[in-house]
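Enquirer: Taken in order, these protein sequences are the chains called A and B. Note that my numbering has the first sequence beginning at 1, numbered continuously upward. Note that my numbering has the second sequence beginning at 326, numbered continuously upward.
Calculated directly from the structure, the hints in this document are not laboratory data. All values reported here derive from a predicted model rather than from experimental measurement. Do not rely on the hints blindly, as some may be mistaken.
[As the list claims (entries may be wrong)] Straight-line C-alpha distance at most 25 Å; calculated SDA-like pairs for lysine to any residue:
| no. | chain 1 | residue 1 | chain 2 | residue 2 |
| --- | --- | --- | --- | --- |
| 1 | A | K121 | B | G730 |
| 2 | A | K181 | A | G203 |
| 3 | A | K47 | A | A304 |
| 4 | A | K121 | B | S717 |
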Amino acid sequence: MALSLGKDLIGLEELSADQIRLILDTAEPFKEVSERAIKKVPTLRGKTIVNLFFESSTRTRISFEFAEKRLSADTVNVASSGSSVEKGENLVDTARNLESMRIDMVVMRHPSSGAAQFLAKRIRSNVINAGDGTHEHPTQALLDLLTIRDRLGRIEGVKVCICGDILHSRVARSNIWGLVKLGAEVAVCGPRSLMPRGIEGLGVKLFRRIEEAMEWAEVLNVLRLQLERMQAGFIPSLREYNRVFGVTVERLARASRKLLVLHPGPMNRGVEIDSRVADGEQSVILHQVTNGVAVRMAVLYLLAGGNPERAEAAKGQGSSREGAE
Amino acid sequence: MKPILLKGGRVIDPSANRDEIADLLIENGKIAGLGSVASREGADVIDVTGKIVAPGLIDVHVHLREPGQEHVETIATGARAAAAGGFTAVCAMPNTDPVTDNQAAVGFIVKQAQDARAARVYPIGAISLGQKGQQLAEFGEMVGAGAVAVSDDGKPVISSHLMRTALEYAQTFGIPVADHCEDHTLAAGGAMHEGLVATRLGLRGTPAAAEEIMVARDIILAELTGGQVHLCHMSTRGSVALIRWAKDRGVVVTAEATPHHFTLTHDACGGYNTNAKMNPPLREAEDIAAIRDALKDGTIDVIASDHAPHHYDAKERDFDDAPFGIVGLETALGLGMTELVRRGTLTLPQLVARMSTEPARVFRLPGGTLRTGAPADVVVFDPDADWVVDPSTFRSKSRNSPFAGRQLIGQVELTIVGGTMVFNRASAQMGSAQNADVAR
Ligand SMILES: [Zn+2]
Numbered sequence: 001m002a003l004s005l006g007k008d009l010i011g012l013e014e015l016s017a018d019q020i021r022l023i024l025d026t027a028e029p030f031k032e033v034s035e036r037a038i039k040k041v042p043t044l045r046g047k048t049i050v051n052l053f054f055e056s057s058t059r060t061r062i063s064f065e066f067a068e069k070r071l072s073a074d075t076v077n078v079a080s081s082g083s084s085v086e087k088g089e090n091l092v093d094t095a096r097n098l099e100s101m102r103i104d105m106v107v108m109r110h111p112s113s114g115a116a117q118f119l120a121k122r123i124r125s126n127v128i129n130a131g132d133g134t135h136e137h138p139t140q141a142l143l144d145l146l147t148i149r150d151r152l153g154r155i156e157g158v159k160v161c162i163c164g165d166i167l168h169s170r171v172a173r174s175n176i177w178g179l180v181k182l183g184a185e186v187a188v189c190g191p192r193s194l195m196p197r198g199i200e201g202l203g204v205k206l207f208r209r210i211e212e213a214m215e216w217a218e219v220l221n222v223l224r225l226q227l228e229r230m231q232a233g234f235i236p237s238l239r240e241y242n243r244v245f246g247v248t249v250e251r252l253a254r255a256s257r258k259l260l261v262l263h264p265g266p267m268n269r270g271v272e273i274d275s276r277v278a279d280g281e282q283s284v285i286l287h288q289v290t291n292g293v294a295v296r297m298a299v300l301y302l303l304a305g306g307n308p309e310r311a312e313a314a315k316g317q318g319s320s321r322e323g324a325e
Numbered sequence: 326m327k328p329i330l331l332k333g334g335r336v337i338d339p340s341a342n343r344d345e346i347a348d349l350l351i352e353n354g355k356i357a358g359l360g361s362v363a364s365r366e367g368a369d370v371i372d373v374t375g376k377i378v379a380p381g382l383i384d385v386h387v388h389l390r391e392p393g394q395e396h397v398e399t400i401a402t403g404a405r406a407a408a409a410g411g412f413t414a415v416c417a418m419p420n421t422d423p424v425t426d427n428q429a430a431v432g433f434i435v436k437q438a439q440d441a442r443a444a445r446v447y448p449i450g451a452i453s454l455g456q457k458g459q460q461l462a463e464f465g466e467m468v469g470a471g472a473v474a475v476s477d478d479g480k481p482v483i484s485s486h487l488m489r490t491a492l493e494y495a496q497t498f499g500i501p502v503a504d505h506c507e508d509h510t511l512a513a514g515g516a517m518h519e520g521l522v523a524t525r526l527g528l529r530g531t532p533a534a535a536e537e538i539m540v541a542r543d544i545i546l547a548e549l550t551g552g553q554v555h556l557c558h559m560s561t562r563g564s565v566a567l568i569r570w571a572k573d574r575g576v577v578v579t580a581e582a583t584p585h586h587f588t589l590t591h592d593a594c595g596g597y598n599t600n601a602k603m604n605p606p607l608r609e610a611e612d613i614a615a616i617r618d619a620l621k622d623g624t625i626d627v628i629a630s631d632h633a634p635h636h637y638d639a640k641e642r643d644f645d646d647a648p649f650g651i652v653g654l655e656t657a658l659g660l661g662m663t664e665l666v667r668r669g670t671l672t673l674p675q676l677v678a679r680m681s682t683e684p685a686r687v688f689r690l691p692g693g694t695l696r697t698g699a700p701a702d703v704v705v706f707d708p709d710a711d712w713v714v715d716p717s718t719f720r721s722k723s724r725n726s727p728f729a730g731r732q733l734i735g736q737v738e739l740t741i742v743g744g745t746m747v748f749n750r751a752s753a754q755m756g757s758a759q760n761a762d763v764a765r
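Given only the sequences and the hints, what does the whole structure look like? Please build it.
Expert: Laid out in structure tokens, this is it:
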């Protein structure tokens, strides 16, 4: 039976392990497309994709745009960030307008949890969640999974600790769902004031101290610490955060295993992660960025109805036609 | 006014410990007799065999939105929704626009309610001017104009000094001070109950402690002052334990719980269902169990709906931005019957007590009784009738209910206020299509 993703990609909570593996496997042939001189295949030719960003995010938007362009889709970027947009009411109108323009897919980033699902329920086009509030950021987690799989050859049984502000992190939630479904052992570590209630209910372990987490884990996924958390009274200072929870060269050296270090970016160097770690040999941060494009190509391809078995062929077909373009 | 003779019903009157098959005669707007009444000259004789005849239901906590938001509810539509739900009286919270914080504003509600000719509407005045939490409103003037209690509901009373003063000052007029218990620094930004569901949905949670801290404070202030604090819409097991402790100590505290808080858990917020967004939020199964126990043993005195109409557009948006609250007048009895009586938590007379006799006692209102000479505020309902909640048939102007499609038992047949029939299901069936048209 052919596996599909359904109409939308809202989060990894709704996906099965097989669906997640399907995306990762489909991403493999697309990695190669980005290595070519002419980085383009005609797979989504004639499809219209709107990148709707209600919150600024250069890196995710660019990654999606590359993925779309390399699949030959027509893309439109709509950015309406922050206070100029009344987010709630506008979403209904936005949905109606998009529907009227007969677009095929919407990639949306929104500051409210649930916004992607809200839109997906109201329009016929495919909706891809590029981050909604503190809910999910599925393509980020998928690229993290792909990177771990690339480096360690497997995900099942791997011990991954997600470090930092779990409370406000959609990246953490998506990673937890994805990792747990694929059989990894998952832990979270950070100040108790930045841990959501009931997080253990998602099947994760809790570490109070980063040293303990590092001793246990094989992979660290270090989250960005938003500066606003200090003003909101969750932590006293960035300085202290770095001293207590920072991923430093010294701490990494003390761990008995050689850890793999991921970071979804953008980094606060010297806060949650030291520069020497970020730029060091244990860091796979740039590998993540490369995988981001491949994973997003896979998601776009699958949602557009692409047959997973033909992803390889689609790629081949692309290269044969390249001369004509 | 023609006399009405209700024949052959099961008459339940908790005020007299009565539960028997009997006839009830209503004459000149009053209960004229109870027992075996063969017939009455010129009376409308209605056979209510198999039905429950009880004192009209009383809801001490509703939001009727007038003045200010007449597009979502008016006093007239709210009073009609109440009548359709079996309520003969409701108490309207003062968080209107402008706030009901003075004699004239209270008088306006009384006047609108008289014109509506449906359920009685008793205004609740604000505790503080503009509900700003600073200066006391004129309780005496408002009571003179018809207010039956004071509350800043919609907002908590943040200042303990103000709450203390209100509890002291209200004693002159013998009215309860109703509080919406919420520590706003703990609850700030919370859209639902803090717990696993909020964590999964990525929504900011409000911990049970935000309610319990204020419940504890209010109890302590009630003990200090000797005033009557009435705790609105209790939602946590911790609050129940605190009230039980207070009542054991003899503190003058009364409390209410809503049908949604004894029926739904935070799971109802799944899929970002904005019709399950309310304040206080839907909590956990253990909280529901504690509230049911509290309704059984009287720790919680009354069931109140916290009827909170909102426009379709206001709920048709992302969860964080949607307003709190649901409509409840037309589902309260059915939920009480289905969730409490059918499950064996309460007997039928106990449910009638929590929805009629006790609210009358707690807020010192007329009604809640079928004794001879009392105003004829009566409800007749069919305890066995099965029905499915369809918000499009609501008399309320708003449809924001999380119970749409839910199967309930217990359906109102007749609602009589002061001897006048204000709701009759048999004749309403015909009018319902027309009613739906008017209300969109
Ligand atoms: Zn309230």
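Enquirer: Now, for every hint given, state plainly whether the structure supports it.
Expert: How the hints compare with the structure:
With a C-alpha separation of about 19 Å, the suggested pairing of K121 (chain A) with G730 (chain B) holds against the 25 Å cut-off. Annotation: proposed proximity of K181 (chain A) to G203 (chain A) holds, straight-line Cα distance about 10 Å (limit 25 Å). About 9 Å separates the Cα atoms of K47 (chain A) and A304 (chain A), which keeps this hinted pair within 25 Å; it holds. Distance check on the hinted pair: K121 (chain A) and S717 (chain B) sit about 22 Å apart at the alpha-carbon level, within 25 Å; holds.
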